[in-house]
Amino acid sequence: MNAVPAASLLRTIENRLSAAGVPSPAADARLIVAHACGLPGSRVALLTEIPESDLQEIDRLTVRREARVPLQHLTGQASFLNLDLNVGPGVFTPRPETEVLVDWLIGVLPSNDGPSVAVDLCAGSGAIGLALAANVADCSVLAVERSPQACSYAQQNYERHAELIRANGSAYSLLEADVTRPAWLAALDRPADVVVSNPPYIPAGAIPRDPEVRDHDPAIALYGGPDGLELIRSLVPLAECALRPGGLLAIEHADDQGEQAREAGVPELLRQRGFVDVVDHHDLAGRPRFTTAVVGETSDPAPGGC
Numbered sequence: 341m342n343a344v345p346a347a348s349l350l351r352t353i354e355n356r357l358s359a360a361g362v363p364s365p366a367a368d369a370r371l372i373v374a375h376a377c378g379l380p381g382s383r384v385a386l387l388t389e390i391p392e393s394d395l396q397e398i399d400r401l402t403v404r405r406e407a408r409v410p411l412q413h414l415t416g417q418a419s420f421l422n423l424d425l426n427v428g429p430g431v432f433t434p435r436p437e438t439e440v441l442v443d444w445l446i447g448v449l450p451s452n453d454g455p456s457v458a459v460d461l462c463a464g465s466g467a468i469g470l471a472l473a474a475n476v477a478d479c480s481v482l483a484v485e486r487s488p489q490a491c492s493y494a495q496q497n498y499e500r501h502a503e504l505i506r507a508n509g510s511a512y513s514l515l516e517a518d519v520t521r522p523a524w525l526a527a528l529d530r531p532a533d534v535v536v537s538n539p540p541y542i543p544a545g546a547i548p549r550d551p552e553v554r555d556h557d558p559a560i561a562l563y564g565g566p567d568g569l570e571l572i573r574s575l576v577p578l579a580e581c582a583l584r585p586g587g588l589l590a591i592e593h594a595d596d597q598g599e600q601a602r603e604a605g606v607p608e609l610l611r612q613r614g615f616v617d618v619v620d621h622h623d624l625a626g627r628p629r630f631t632t633a634v635v636g637e638t639s640d641p642a643p644g645g646c
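Counting in the working numbering, the sequence shown runs from 341 upward without gaps.
Among the hints, a few may not be true.
Have a look at the derived ranges for each label pair, beta carbon to beta carbon [claimed, not checked]:
1. R404 to V344: 17 to 25 Å
2. A366 to E499: 29 to 37 Å
3. R400 to D478: 40 to 48 Å
4. A511 to V619: 34 to 42 Å
Simulated from the structure, these hints should not be mistaken for laboratory data.
Built from N, CA and C at the ideal position, the CB exists for glycine as well.
Please construct the entire structure, taking both the sequences and the accompanying hints into account.
Right under this line is the structure:
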């Protein structure tokens, strides 16, 4: 078989992916070809022909993507802000929605006097904590994750970006632990300025429609009990224990768990615990996506103290 025209092959892949219900068939077609050919995605537009030697791998990847295996699992990579991360089976694939949360935190943390301490609970691939360490100067990050598989990816990603983090004057440490138990608090040298979490928040009965999520993201990273808030209720008192007076808590949530949910939402949950300056933030699509709050004088610490 000879080389084939790139434009024709890309159209064929796009049509196959579209027929399989893939949400972004054109973009995925380009990235499949780029990965198989060992090229950056931006270079695909410059191709006129695809070598015969790459066609078998391109077809293999296309077949798997038609089966709705996440593109990030096929390439082993996910982009998050300015970082490329290793991902795959057993770890939650970071989402663009979470970038809005982290970008907001990056804008807030430099306002602190001196070094910052941040805690990333339910760290997964390490996306949030690593992005903070790489983009906020003199920031010490503690990442806590209970899944051994996810911790393996987070460690790989730290090693991948360690030089960038050190050059930024920052530090990153990873702890394999249950965020709902207080043992991780002992890993902090001093109270944190920020605790951030993208916890599992899907209600147990609300099975995601997208096969990429339903069949490939680990259940431990998706489901948060009957109403989706079970783990959030458990981690909030411990996050409060970790924070300095006036410290900031930031929690991602579903678009129906924000201010409009009233007593059933994350903002009201934090107010009831005594947090102040509670703000529900929207993502780029205008949907409620994360809540921030400040430790108040009347906050309610964890039962039995910290």
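Hint check results:
{"no.": "1", "hint": "R404 to V344: 17 to 25 Å", "verdict": "20 Å, holds"}
{"no.": "2", "hint": "A366 to E499: 29 to 37 Å", "verdict": "34 Å, holds"}
{"no.": "3", "hint": "R400 to D478: 40 to 48 Å", "verdict": "46 Å, holds"}
{"no.": "4", "hint": "A511 to V619: 34 to 42 Å", "verdict": "29 Å, violated"}
When each numbered hint is compared with the structure, a violation occurs for hint 4 only.
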